[in-house]
Amino acid sequence: MRHRKLNTKRLNRSLGGDIFSIAVLVLFGSFMVLPMIYAISNAFKPLDELFMFPPRFFVRNPTMDNFRDLFLLMAQSWVPFSRYIFNTLFITAAGTAGHVVVASMAAYALEKHRFPGSKLFFSIVVTSLMFSSVVTAIPNYLVMARLNWLDTYLSLIIPAFGYPLGLFLMKQFMETVPDSLLESARMDGASEFRTFWTIAMPCVKPAWLTLVIFSFQTLWGNTGSTFIYSEELKTLPYALNQILLGGFARAGVGAAVVLLMMIVPVTLFMVTQSSIIQTMAKSGIKDD
Amino acid sequence: MSAVVEKAVQPVQGKTVTFRSRFENLKKQVWKNKISYLFVAPFGIIFFVFTIIPVVVSMGLSFTYFNILETPKFIGWQNYTRLFLSDDVFLKSVKNTFLLAAITGPIGYLASLMFAWFINELPPKIRALMVLIFYAPSISGNVYMIWQVMFSSDAYGYVNSTLIKLGIATEPILWLQDPKYIMPVIMIVVLWMSLGTGFLSFVAGLQSIDRVQYEAGVVDGIKNRWQELWYITLPNMKPMLMFGAVMSITSSFAISDVTIALAGMPSVDYAAHTVVNHLIDYGTIRFEMGYASAIATVLFLTMIFCNKVVQNLLRKVGR
Chain A
24 MRHRKLNTKR
34 LNRSLGGDIF
44 SIAVLVLFGS
54 FMVLPMIYAI
64 SNAFKPLDEL
74 FMFPPRFFVR
84 NPTMDNFRDL
94 FLLMAQSWVP
104 FSRYIFNTLF
114 ITAAGTAGHV
124 VVASMAAYAL
134 EKHRFPGSKL
144 FFSIVVTSLM
154 FSSVVTAIPN
164 YLVMARLNWL
174 DTYLSLIIPA
184 FGYPLGLFLM
194 KQFMETVPDS
204 LLESARMDGA
214 SEFRTFWTIA
224 MPCVKPAWLT
234 LVIFSFQTLW
244 GNTGSTFIYS
254 EELKTLPYAL
264 NQILLGGFAR
274 AGVGAAVVLL
284 MMIVPVTLFM
294 VTQSSIIQTM
304 AKSGIKDD
Chain B
10 MSAVVEKAVQ
20 PVQGKTVTFR
30 SRFENLKKQV
40 WKNKISYLFV
50 APFGIIFFVF
60 TIIPVVVSMG
70 LSFTYFNILE
80 TPKFIGWQNY
90 TRLFLSDDVF
100 LKSVKNTFLL
110 AAITGPIGYL
120 ASLMFAWFIN
130 ELPPKIRALM
140 VLIFYAPSIS
150 GNVYMIWQVM
160 FSSDAYGYVN
170 STLIKLGIAT
180 EPILWLQDPK
190 YIMPVIMIVV
200 LWMSLGTGFL
210 SFVAGLQSID
220 RVQYEAGVVD
230 GIKNRWQELW
240 YITLPNMKPM
250 LMFGAVMSIT
260 SSFAISDVTI
270 ALAGMPSVDY
280 AAHTVVNHLI
290 DYGTIRFEMG
300 YASAIATVLF
310 LTMIFCNKVV
320 QNLLRKVGR
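Chains A and B supply the protein sequences, listed in that same order. If you're matching positions, the first sequence starts at 24 in the numbering used here and goes up one per residue. If you're matching positions, the second sequence starts at 10 in the numbering used here and goes up one per residue.
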């Protein structure tokens, strides 16, 4: 064995390897980030720069014109634009809140109680992570029709409650709540729901923040196009996509729209990153 | 109430247990745990209605002719025989989907792991920034539309104008119309977006490995970072590797938005037609629900099968 100080900060690291890994990160990092920077820069380009030849990457004379045009366009839309914004905010808020409560309750019982069928149920949920929701899209439409939920908010909100990924992550994270804490609450006479709500939930704050973010990401991008056909119930991404379809005439506004749709989820992730990483540390699928 | 109850239905040993008494026993157990069931019920019901029932209904409908207006008519295996024996476009879409999944799936997965591993060595502030940079494309809505400008078929596209300027190309290349180029372009865009939930899981997994193990590894004669990765890091991260694989397989078989946005629907000569595109075509344009359900069922079984195979492979990591 070579003599090495065991308490040095980094073991088994060579300078060459460090340079290599940093070079790889810089190279691919720029590949990842350039399109994003381009999207941001585009949103501030005046029209003549958007169609300049040869095309330029960075904006030269930044302007807010595109955003002004977007708001003008919004003001002219058939349904007041605030309605689309309200729809998306409402669906996202209701769907996310319901998802966190419903998935956490189930996760709590699955992790902290033992009852017939709990293992089976959880393994079905894990299996459902293995296929994409596109395979259930058609029957889902039929189910919505049978429930008479077509063209209502419910068709977008309620299914969001049952995202399997949320339950999975929450259940894994519930492991970190000490049983003794729950037991002492029960000894003090707290009902099971109270134990869950006032003892377990505050302990798993990083996990429910994660659920909030993931469910937000899904709902925020939901165009609702299959279930919703009344204009006044349509969502923001739907309206913005319509603007994007405007083609050349709307190139500037389109660039502003792309920036708007991207900035919200990215900012939210930036703020909550450490909680999410904490939760994901428990995300592994265990082999048993 | 003490919720920690004896495990499941354990019939009394030594006695012959009739079906009836077993059922009575189960009923008692369920009643005893009614609070647990109440906790699971809201999620369970919604999950059942919007995930389990649709899967079952889809399988059932796949054996019928169904156009939404008339009641479904049972036609046996006809949808499947048509799918595999006479639908050339489907076979092409299968080929495209497998090609996309086989290339972007593993590359995206390994890239997630490699970047997470490299990022983990950085100081915390820079680490957070790098995680954001690598993860952002997968959550930023329809920013992938930007690639359409980059690969635009006229001389205004960035790629074309650069190639012409450098003298590599003499005239603009039809990136998104020429069947030769569509797939590679789509793969690049898919890979750009492939560092998703699995990547976060890897970042988190790497951070939670106890340093003591690495120190012990040095004592045991581990000499470089590659040995460390294989003998210590990866075995510790096995559950995350499983999770990442599930996320990656599921999403790479479901690619469709990107191909529609970039290559159109249908794409030229169906060069970028995926199984999900085909499903959308029959489900929401032609309203042949029975046929679309057969496509969905094939896709469902493929996803589950691939996941199971890869999970078995991953069990061998670090052995």
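Note that these hints are calculated values from the structure, not bench results. Any given hint could be a false lead.
A few chain B residues that face chain A, going by a derived Cβ cut-off under 10 Å, partial list only [unchecked claim]:
(1) Phe48
(2) Ile155
(3) Gln236
Derived list of chain B stretches under chain A, where covered just means 3 residues or more per stretch with a C-beta under 8 Å from a C-beta of chain A [what the hints assert, rightly or not]:
(4) 90–99
(5) 270–280
These numbers come from a predicted model, not from an experiment. Cβ atoms here follow ideal geometry from the backbone N, Cα and C, with glycine treated the same way.
Each hint, compared with the structure:
no.: 1; hint: Phe48; in the structure: holds, 4 Å
no.: 2; hint: Ile155; in the structure: holds, 5 Å
no.: 3; hint: Gln236; in the structure: holds, 8 Å
no.: 4; hint: 90–99; in the structure: violated (count 0)
no.: 5; hint: 270–280; in the structure: violated (count 0)
The structure shown violates the earlier hints numbered 4, 5.
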